[in-house]
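A.B. asks: Sequences listed follow chains R and L, in order.
Counting with the working numbering, you get residues 196 to 449 for the letters of the first sequence.
Counting with the working numbering, you get residues 1448 to 1725 for the letters of the second sequence.
Careful, some of the hints might be misleading.
[Claimed, not checked] Mimicking BS3-like on lysine-lysine, the simulated pairs with C-alpha atoms at most 27 angstroms apart in a straight line are:
{"#": "1", "chain 1": "R", "residue 1": "K290", "chain 2": "L", "residue 2": "K1655"}
{"#": "2", "chain 1": "L", "residue 1": "K1716", "chain 2": "R", "residue 2": "K290"}
{"#": "3", "chain 1": "L", "residue 1": "K1655", "chain 2": "L", "residue 2": "K1717"}
{"#": "4", "chain 1": "R", "residue 1": "K327", "chain 2": "L", "residue 2": "K1716"}
{"#": "5", "chain 1": "R", "residue 1": "K327", "chain 2": "L", "residue 2": "K1717"}
{"#": "6", "chain 1": "L", "residue 1": "K1717", "chain 2": "R", "residue 2": "K290"}
{"#": "7", "chain 1": "L", "residue 1": "K1655", "chain 2": "L", "residue 2": "K1716"}
{"#": "8", "chain 1": "R", "residue 1": "K290", "chain 2": "R", "residue 2": "K327"}
It should be emphasised that the hints constitute simulated quantities derived from the structure, not laboratory data.
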Amino acid sequence: MPRDDFAIRVAGVTKVYNSDSGPVAALDRIDLDIREGEFVSLLGPSGCGKSTLLHIVAGLTEPSSGSVDIGGSPAQADRTDVSIMLQRPVLFPWKNVLQNVMLPAKLQGRADAGEAAMHFLELTGLADFATKQVWELSGGMKQRVSLARGLATDPPVLLMDEPFSALDEFTRERLNVELARLHDEHGRTTLFVTHNIAEAVFLSDRIVTMRPRPGGVVDIIDIALPRPRTAEQTTSAAATDLALKVRESISAYL
Amino acid sequence: MSSMVSTEPGTALPGAVATVPTRSRTSRLWRATWPPTVVIVGILAVWEAVVALHWVNPIILPPPSAIGASLAGLVTEPFFWEAAQATMTETLAGFLIGIVTAWMLGTLLGMSDLARRALYPIVVAFQITPRIAFAPIFLTWFGFGLESKIVMAATICFFPLLLNVLVGMETVDRDARTLMRSFGASRWQEYRELTLPASLPLILAGIKNAVTLALIGAIVAEFVGASVGMGVLSKTFSFQLDVASSFAVIIALMFFGLVLYGIVELIDKKLVYWRDQS
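The following block holds chain R by itself, in its conformation from the complex (with noise of 0.2 angstroms):
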């Protein structure tokens, strides 16, 4: 395989909602390119569409106008090559924790879905909460579950829409720097939503800046940081200086 396959390319993406005032531009036109095995954050601040634009990039929401392509087809919501991991946890109380894990493979009818779910499941620490059930979990534990529940069908393309913005900070920090840790091992193609800079700046490869009312593209920051991430990094000198940096981009706009 290429290893192209699993691009991304979003091209003049429109999307216009029917609203009271008449129509709003959520999103203006549109151009992105990601490449395989790439990190990058949509950041901005709220009502400049980043969350539209992932969904749109996750076949949930269909554009106005314009394309998305992944790998070559068009983004769909049920596509098995990209999951997506929402800013709830959103586990089902009925299932256990390695049922709620699994749930995506078995959908999908795969006979190994309890073996990858329990590999899913160490890779993120949770082999031992395997039969606990979801509500003994803390938050943070939940939204790690939902990520090993995102990862379990092993897909090439990860899509995030804000999955820490509700953890307290330190949980917050320990979440993102196993992320980091999986995206060195594993290399999948991930856009990643958030308004928290320092995390995308920790987590990224590039940072999509974006402006509210119409939804654009500001500017978009390459983050030359050397992988593997550490948490050191965040306080680093250049991580700083590239925080600034994304800062003053969106300044105008918050």
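With chain R held as given, fit chain L onto it using these hints.
C.D. replies: Below, chain L alone, put in the same frame as chain R:
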């Protein structure tokens, strides 16, 4: 008095020390049962005294002791068990027919937006209508036998459960639906893995309601016209001014209702084990 609040082990209240480790099932059971027990015993004592003091005519309001004696006598009579069996058959058959049809129709309506919009107002209209008013019509249609009572019991518990099934399906978490779409779940998979379990708490609540409604339906239908049943028994005793026996029948019905409700409650606890956690 200061020694009473001492925290030293040797001087603490003797009773408190003993109950701390065993503050488990028995103590919780006791905590739950003693207040209603006190109230019930109090009411029965006042009731008994009021009649004994001839403040009320015992024919109009027989004392609890007389009701107890009537009940003790009734349960030895074959006609009582014949009546109980008839009423229980009507209630259970009506209940089962009512909940199965309500669940099936509710699920079908919940799956089709057009069908739901078309039938929802009609369901609400029937929900608001006092359905027991249908009892005379059902008597005309289905006769004096068990059938008219079964239909009444089924009708009375059908609509509330249908509404619960519909509401349960509508209130499924939107993010969860989004995820199921992204997993590529088929309609049937989405129903089995998400919609059904997510709406189960409301459905079971509806079923708990339905079991008591079914009993009401059966009794009312018996009042309207029947030859056998607890409703018939209660009515007959009242006409004979045997109010004590009439009360005894009501006590027996209360007991049946409790048993039925308890069974559904048990099923609910087993089936929706996550209810209190989420």
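A.B. asks: Each hint should be assessed against the structure and marked as holding or not.
C.D. replies: Status of the hints after comparison with the structure:
{"no.": "1", "hint": "K290(R) / K1655(L)", "in the structure": "24 angstroms, holds"}
{"no.": "2", "hint": "K1716(L) / K290(R)", "in the structure": "16 angstroms, holds"}
{"no.": "3", "hint": "K1655(L) / K1717(L)", "in the structure": "14 angstroms, holds"}
{"no.": "4", "hint": "K327(R) / K1716(L)", "in the structure": "19 angstroms, holds"}
{"no.": "5", "hint": "K327(R) / K1717(L)", "in the structure": "18 angstroms, holds"}
{"no.": "6", "hint": "K1717(L) / K290(R)", "in the structure": "14 angstroms, holds"}
{"no.": "7", "hint": "K1655(L) / K1716(L)", "in the structure": "12 angstroms, holds"}
{"no.": "8", "hint": "K290(R) / K327(R)", "in the structure": "9 angstroms, holds"}
The structure fails none of the hints (numbered hints given earlier).
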